[in-house]
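4 protein chains.
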Amino acid sequence: MSDYRWKTAITKVQPNKISVRGYPVDQMMGKVSFAQAIYLLLKGKMPSRNVGKMMDAILVSSIDHGASPPSVLAARTVASTGSELNSSVAAGVLAISRYHGGAIEEGMKLFIKIAQRMEERNITKEEASRQILQEMKKKGKRASGFGHRLHKSDPRKDKLFSMAEELKIAGKYVRIVLCVEKELEKMVGRSLPINVDGAIAALLCDLEFPPQIGNAFFVMARVPGLVAHVHEEKTRMKPMRKIHPQDFEYDGPEEKNK
Amino acid sequence: MSDYRWKTAITKVQPNKISVRGYPVDQMMGKVSFAQAIYLLLKGKMPSRNVGKMMDAILVSSIDHGASPPSVLAARTVASTGSELNSSVAAGVLAISRYHGGAIEEGMKLFIKIAQRMEERNITKEEASRQILQEMKKKGKRASGFGHRLHKSDPRKDKLFSMAEELKIAGKYVRIVLCVEKELEKMVGRSLPINVDGAIAALLCDLEFPPQIGNAFFVMARVPGLVAHVHEEKTRMKPMRKIHPQDFEYDGPEEKNK
Amino acid sequence: MSDYRWKTAITKVQPNKISVRGYPVDQMMGKVSFAQAIYLLLKGKMPSRNVGKMMDAILVSSIDHGASPPSVLAARTVASTGSELNSSVAAGVLAISRYHGGAIEEGMKLFIKIAQRMEERNITKEEASRQILQEMKKKGKRASGFGHRLHKSDPRKDKLFSMAEELKIAGKYVRIVLCVEKELEKMVGRSLPINVDGAIAALLCDLEFPPQIGNAFFVMARVPGLVAHVHEEKTRMKPMRKIHPQDFEYDGPEEKNK
Amino acid sequence: MSDYRWKTAITKVQPNKISVRGYPVDQMMGKVSFAQAIYLLLKGKMPSRNVGKMMDAILVSSIDHGASPPSVLAARTVASTGSELNSSVAAGVLAISRYHGGAIEEGMKLFIKIAQRMEERNITKEEASRQILQEMKKKGKRASGFGHRLHKSDPRKDKLFSMAEELKIAGKYVRIVLCVEKELEKMVGRSLPINVDGAIAALLCDLEFPPQIGNAFFVMARVPGLVAHVHEEKTRMKPMRKIHPQDFEYDGPEEKNK
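Those protein sequence lines, which keep their order, are chains H, R, C and Y.
Converting from the first sequence to this note's numbering requires adding 755 to each position, the first position being numbered 1.
Converting from the second sequence to this note's numbering requires adding 755 to each position, the first position being numbered 1.
Converting from the third sequence to this note's numbering requires adding 755 to each position, the first position being numbered 1.
Converting from the fourth sequence to this note's numbering requires adding 755 to each position, the first position being numbered 1.
Bear in mind the hints are in silico, worked out from the structure with no lab data behind them.
Keep in mind that the hints are not guaranteed to be accurate.
BS3-like, lysine-lysine: derived pairs with alpha carbons at most 30 Å apart [as the list claims (entries may be wrong)]:
#1 H:Lys868 x H:Lys892
#2 H:Lys798 x H:Lys923
#3 C:Lys772 x Y:Lys989
#4 H:Lys923 x H:Lys893
#5 Y:Lys894 x Y:Lys880
#6 Y:Lys868 x R:Lys993
#7 C:Lys800 x C:Lys893
#8 Y:Lys989 x C:Lys762
#9 H:Lys798 x R:Lys786
#10 Y:Lys993 x H:Lys772
#11 Y:Lys894 x H:Lys893
#12 R:Lys937 x Y:Lys993
#13 H:Lys941 x H:Lys927
#14 C:Lys907 x R:Lys993
#15 Y:Lys892 x Y:Lys937
#16 Y:Lys864 x H:Lys894
#17 R:Lys927 x R:Lys798
#18 R:Lys941 x R:Lys896
#19 Y:Lys880 x Y:Lys893
#20 R:Lys894 x Y:Lys864
#21 H:Lys800 x R:Lys941
#22 C:Lys923 x C:Lys892
#23 R:Lys937 x R:Lys894
#24 Y:Lys864 x R:Lys997
#25 C:Lys989 x H:Lys893
#26 C:Lys907 x H:Lys989
#27 C:Lys997 x Y:Lys762
#28 Y:Lys993 x C:Lys800
#29 R:Lys868 x Y:Lys880
#30 Y:Lys864 x R:Lys989
#31 H:Lys907 x H:Lys937
Work out the full structure, taking the sequences as your base and the hints as a guide.
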C-alpha cells in the first residue's frame, strides 16, 4: 500500500463484475432505466419507481432546445472545423455555464436559502421570500429560474409540476418556488413565470440533490442534444461555414398529432 | 431571408412549444424514458417499446467503470485544480477517443465491412470474416471489440446479447460479431471474447445507427459517470492532490444481494 | 522504484532549479526570447540567433486574424455564457483542427512526400510535384497551403520568405513550396498562391520540425489572440448575446504609419 | 447593416492586410518579438523596448515545470487515448484554474486591494498589508503568491525582480509584494517567500494589466510546455498507459554549463 492510496465510493470493478454503488451493472440492465441508474450513481441509492419516473422526465425536459443556445453554437462551430465528435461535444459542455444552464444551481441555492431563513427566523415562506428578494434587489441581483425570453408559459414546467404532484415528489421546495413566483410578481410589477430551470431547481431540492450538482443535470440532459447537432453539422453542412446564431429554420418531421 | 439562412431537422422551437423530431417535449415527458428520447433525437423516429428497452440497457451498461479509465482521471485531475464541474467533465469527454471508447466505432465499421463483403462476393459470414481478418492481420491491424484486460467473460456483454434476443433486436450484426469471435480465436490461437464495446457495436449496427455515432454512445453513457467522479473529487478530496491512476480502493456500499 | 516509473526528457525540476532541455530557466530569462525558448522546448536544442528570429516571426505572423475564424467564435460563444477565461480559450483551441490551421500539418506532409519522391526516383522537384499533385487530383484531394478566400497576395507570406532568405533558413522545402505553387497553377489553370499556412509549413520543414507539430504552431501562436478576444467579450459585451460570424466592424486604433 | 452588427477593437482584416491594434502584422514580423506582439495584442499599444524584454522574461519563466503539474497530467492522459494534439492541449488548459496558475490573478487582486487601502486611508503599505492580511486570516483565507512546496528560493522570482529593477519596471506593486512577504512572515512566524506566481502578479500590476488577465499569462506561457508534453506522450509512450503523477525521472540532456 503506497502513500498515494485513495478511496472512491462510486463503482467497484473486479474481474467480470462491475457494481455501481453496490448494484451489479449487468443486473440493473433491463430492470432500471438509464435515468434511474443516473440517480443511483449520483445519490448512492436506488430510486423508488416514482422518483425514477421523475428523473426520466427531468432529463427529457432539457434534452434539446434547438440550434440557438450557445452550447449548440460552440459545438457546431468546433465541429465545422473537422474536429472529432467528442471534442465538439466537449466545446458545447464548456458553454453550459453561469448564464446558460446555471439558473438551476442558482435557483437551488436561492430556494435553500429561503427554507433556511424560514427555520432560522420561524417565519412563513412568504416572509422569507420577500426578505431575501429584497436583499437581492439591494445588491442588484436577480432571482434565477424566473422569466424566459421566448416561453411565457413553458409547457415543460407545467408538466414537471403536474408529474411531481402525481408522483408525490412535490414538497417544500415546490411550494417555495411557487411562492417566490408570486412575491416576485408583486415586487417587480409584472409576471416573471417560473421557467424550466426554476422548476428543475425546485424538484432537485425536493429530491435532496445538492446545488453543486444542478449544473450537472443540464450537462447530462443536453449532451445527447449536442451529439445530434454535431452529427447533423458533420453530415449535412459544409466545413468552415459561417454559422448564423439565429437565422435558421426547422425542416424536420412535421409535428405529430399525439 | 439573409445569405446566412440554414436549416436544421432536429428541434423546432416556438413560443411555448418545443418539439424534437416532431414530438412536443412536454408530451414525451412521463411517457418516454430519457433513453427513448435519445433514440428519437438521433434517429428521427420514436423507438418501439423493445428498442427503447434496449437503448436503456446499452446506456446503463457503460454508465461507469470505476476510477481508472483515462476519461475519469482527466476529469478528476482538472476538477482537483478548482475548475468548474462542466469544464472538468469536458476534459473527461476529450479522453473518450480512439483507444478509449473508440472500439465501438471501429467495431461497427468492421462488422459493416464484413456484411458488405458477404453481399459483394456472395460468400458466408465465416468466409467474409476470415478474409477481412486476414487482410487486417497483414496490415498489422487488430480487430476492435474483442478481448479485455480484466474481464474474460464480461457479464454486461452476456446481458446485452440475451436482451437483444428476447427483444427481437439481435439480427445480422449480432451473428457477424459472434462469427468474428470464433474466426479470431482460430486465427490467433486463443480466446479473445467479445467485450462490451464489441457487443454495443453489433447492436448499434442492428439498430441501424451509423458508425460515426458509435463514439457518441460512449460519451452519452459515461457523462453521468464523469459527473459522479468530478463531484466526489470536489467534495471528498483535497485540491491539487496527486491522483494515482490505479492505487485506489472502493469504500462505497456493499454489494446488494439481488 | 515502482512498476509505474516513467521517463521524460523535457524539463528537470529540482529544489530551486528548473531546467528545460538542460537550460536553467532563470538563466534563459533576459537572454532568450519566448519564441527561442519555445524552439528549445520543442527541438531539444537552443536555436541560433537567426533561427530564433525566424521563430519570433512565424509566431507573430499567426497571432490573430480578427473575429471571424471559428476558433475565435467558439471561444467568444463560450465566454459569453460566463465561462472562465481558460475554459473559453480551451474551446477555441478545440476548433484549431483539420480545416482551421490544419493546412500547416497537411502542407508539411505534402512537401516531405515530394522531397522523398525526388530521392526515391531521382527526379527533379518539378517532376515529383507534378506526379504527386496528379495522384492527389485523382483521389479528389486538394493541396493544402495554397489559395485564400480573402488574401490574394498575403503580405505575411512575403515577409516570411524574405526573412527566411536573409536569415539563411530557406532551403529545400522553400524551393519545393515555390515549385508546387507553379505546377499547381499550370494544372488548375489559375493562380493559387501560397498562403501563410503553406509558407509556415515549408519553413517548419526547413527547420526540421516533424509534421505532427504543425498544428501546435498554430495553437501556440493563436492562443494570445484567443485570450484577447475572450477578454474583450467578457469586458465589452453583454452575456449571452447572439454572435454574428461576420457582421462586425473594427473600431480599434487607426493604422499606424510606421 | 443588420441588428446583429457588433464591434471589436483587436484586429482589422482587409484583403492583403491584417493589422493588430493598428499595426500591420507583416511589418511587425522581424521587428518585434512574439512576446512584444502579445503585449500589443492585450494592451492595445506597442511596448517600450524594456517592457518587451520583461514580457519575454515573464513568459519564459513559466514555459514549463516538468511533468507533475495537473495541466500536464490532464493533457498527457487525454493524449494517451489517441486524442488529437489540440484536444489534449485544451484539456491541459482546462486545468489552469484556481489552484493551478490561479495565484497570479488572486495575487494581483490582493496587491491592488492593498494599494487602494493605502490611498483610501492614507496609510503606509505596511499598515495596509497588515490590515488586509488580518482580515483575510479572520475569514480563513490565505494570501496567494507566497510559499512553494519545492522551491524555497525560487531562482525565477529573483531573476524577475532583478530584471524589473534594471529595466525600470519595478514600481509600487513590487514594493507592495515585498512588504506583504515581510508582514506575512511576522504574522505566520515563518518565512513564506514570494513564489514565481506572486512575482509575476506584482509585475503585471506594475505593467498595468487588469487581474482578469492574470490567468491568461499562465495559459499563454504554458501552452508550449503542454505541446511538448503531448508530443512526447504521443511519440514516446504507449497508448493508454497508466500515468503515475510523480514517479518519473528526467532523462533528457544534461545541464548546460552556461
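So, going through the hints one by one against the coordinates:
Restraint check: the Cα-Cα separation between Lys868 of chain H and Lys892 of chain H comes to about 15 Å, which is no more than 30 Å; the hinted pair holds. Using a Cα cut-off of 30 Å, the hinted pair Lys798 of chain H and Lys923 of chain H holds, with the two alpha carbons roughly 19 Å apart. A threshold of 30 Å between alpha carbons decides the hint, and for Lys772 of chain C with Lys989 of chain Y the separation of about 27 Å falls inside it, so the pair holds. About 37 Å separates the Cα atoms of Lys923 of chain H and Lys893 of chain H, which puts this hinted pair outside 30 Å; it is violated.
About 21 Å separates the Cα atoms of Lys894 of chain Y and Lys880 of chain Y, which keeps this hinted pair within 30 Å; it holds. At most 30 Å may separate the alpha-carbon atoms for a hinted pair to count; Lys868 of chain Y and Lys993 of chain R meet this at roughly 28 Å. A distance of roughly 41 Å separates the Cα atoms of Lys800 of chain C and Lys893 of chain C; the hinted pair therefore is violated under the 30 Å criterion. Distance hint between Lys989 of chain Y and Lys762 of chain C is fulfilled; the C-alpha atoms sit about 13 Å from each other, no more than 30 Å.
Taking the CA atoms of Lys798 of chain H and Lys786 of chain R, the gap is about 24 Å. The hint holds against a cut of 30 Å. Restraint check for Lys993 of chain Y and Lys772 of chain H: the C-alpha separation of about 27 Å stays at or below 30 Å, so the hint holds. A hinted pair counts as satisfied when its Cα atoms are at most 30 Å apart, and Lys894 of chain Y with Lys893 of chain H qualifies at roughly 24 Å. Restraint check for Lys937 of chain R and Lys993 of chain Y: satisfied, since their Cα atoms lie roughly 29 Å apart, inside the 30 Å limit.
With a C-alpha separation of about 21 Å, the suggested pair Lys941 of chain H and Lys927 of chain H falls inside the 30 Å cut-off, and the hint holds. Restraint check: the Cα-Cα separation between Lys907 of chain C and Lys993 of chain R comes to about 55 Å, which exceeds 30 Å; the hinted pair is violated. Only pairs whose Cα atoms come within 30 Å are accepted, and Lys892 of chain Y paired with Lys937 of chain Y is accepted, the gap being roughly 16 Å. For a cut-off of 30 Å, the pair hint linking Lys864 of chain Y to Lys894 of chain H stands: about 21 Å separates their Cα positions.
Between Lys927 of chain R and Lys798 of chain R the alpha-carbon distance is near 19 Å, which keeps this suggested pair within the 30 Å criterion. Restraint check for Lys941 of chain R and Lys896 of chain R: the C-alpha separation of about 17 Å stays at or below 30 Å, so the hint holds. Proximity of Lys880 of chain Y to Lys893 of chain Y is assessed by CA-CA distance (about 20 Å); at most 30 Å being required, the pair is judged to hold. A distance of roughly 58 Å separates the Cα atoms of Lys894 of chain R and Lys864 of chain Y; the hinted pair therefore is violated under the 30 Å criterion.
Taken as a hint, the Lys800 of chain H and Lys941 of chain R pair is broken in the structure, with Cα atoms around 45 Å apart against an allowance of 30 Å. For a cut-off of 30 Å, the pair hint linking Lys923 of chain C to Lys892 of chain C is broken: about 34 Å separates their Cα positions. Proposed proximity of Lys937 of chain R and Lys894 of chain R is supported: the alpha carbons are some 21 Å apart, at most 30 Å. Of the pairs offered as hints, the one joining Lys864 of chain Y and Lys997 of chain R holds, with about 28 Å between alpha carbons and a cut-off of 30 Å not exceeded.
Restraint check for Lys989 of chain C and Lys893 of chain H: satisfied, since their Cα atoms lie roughly 24 Å apart, inside the 30 Å limit. Among the hinted pairs, Lys907 of chain C with Lys989 of chain H is consistent with the structure: their alpha-carbon atoms are about 29 Å apart, no more than 30 Å. Distance hint between Lys997 of chain C and Lys762 of chain Y is fulfilled; the C-alpha atoms sit about 13 Å from each other, no more than 30 Å. In summary, the hint linking Lys993 of chain Y to Lys800 of chain C is supported, as the alpha carbons are separated by about 25 Å, within the 30 Å threshold.
Annotation: proposed proximity of Lys868 of chain R to Lys880 of chain Y is violated, straight-line Cα distance about 74 Å (limit 30 Å). Using a Cα cut-off of 30 Å, the hinted pair Lys864 of chain Y and Lys989 of chain R holds, with the two alpha carbons roughly 25 Å apart. Of the supplied pair hints, the one linking Lys907 of chain H and Lys937 of chain H holds, its CA atoms being roughly 15 Å apart against a limit of 30 Å.
Consistency with the previously given hints fails for numbers 4, 7, 14, 20, 21, 22, 29, ordered from lowest to highest.
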